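Going by numbering that gives the first Met the number 0, the residue at position 21 of the sequence shown is 20; the numbering climbs one at a time, nothing skipped.
It is possible that some hints are incorrect.
Claimed, not checked - Now the in silico label distances, taken between C-beta atoms and shown as ranges:
(1) A42 to S22: 18 to 28 Å
(2) S60 to T6: 38 to 48 Å
(3) L41 to P61: 25 to 35 Å
These are calculated hints, taken from the structure and not from any lab test.
If you're wondering where the values come from, they're calculated on a predicted model, not measured in any experiment.
Think of the CB as a built atom: it goes at the ideal place given N, C-alpha and C, for glycine as much as any other residue.
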Amino acid sequence: MTEEKQTPVRGLISLVKIAWTVSVVIVAAAVGACIGWQNHGLAGALALGFVGLVAGGFLSSPSFLLEMLVGLI
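Make the full structure from the sequences, and use the hints.
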């Protein structure tokens with residue numbers, strides 16, 4: 000096994016990937032909770048917030064997100 004040297008660029012790329020994943024998951028969960036709250040109250044906010052959390056996990060991968068966008072066209 001070879002040890003890859005951690006360079007500042009690789010560290011920055013890792014940081015951007017983490018920030019992207021966290022932001023997409025948080026936004027998806029917040030949108031789900033907001034829609035659930037407006038339509039179904041507290042139970043809907045909890046349920047759709049969880050659904051948004053799971054969907055955000057899948058959408059945090061840029062390749063999967065692009066496939067979904069292409070599928071909508």
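Here's how the hints hold up against the structure:
no.	hint	verdict
1	A42 to S22: 18 to 28 Å	holds (27 Å)
2	S60 to T6: 38 to 48 Å	violated (24 Å)
3	L41 to P61: 25 to 35 Å	holds (33 Å)
Checked against the numbered hints above, the structure breaks only hint 2 and satisfies the rest.
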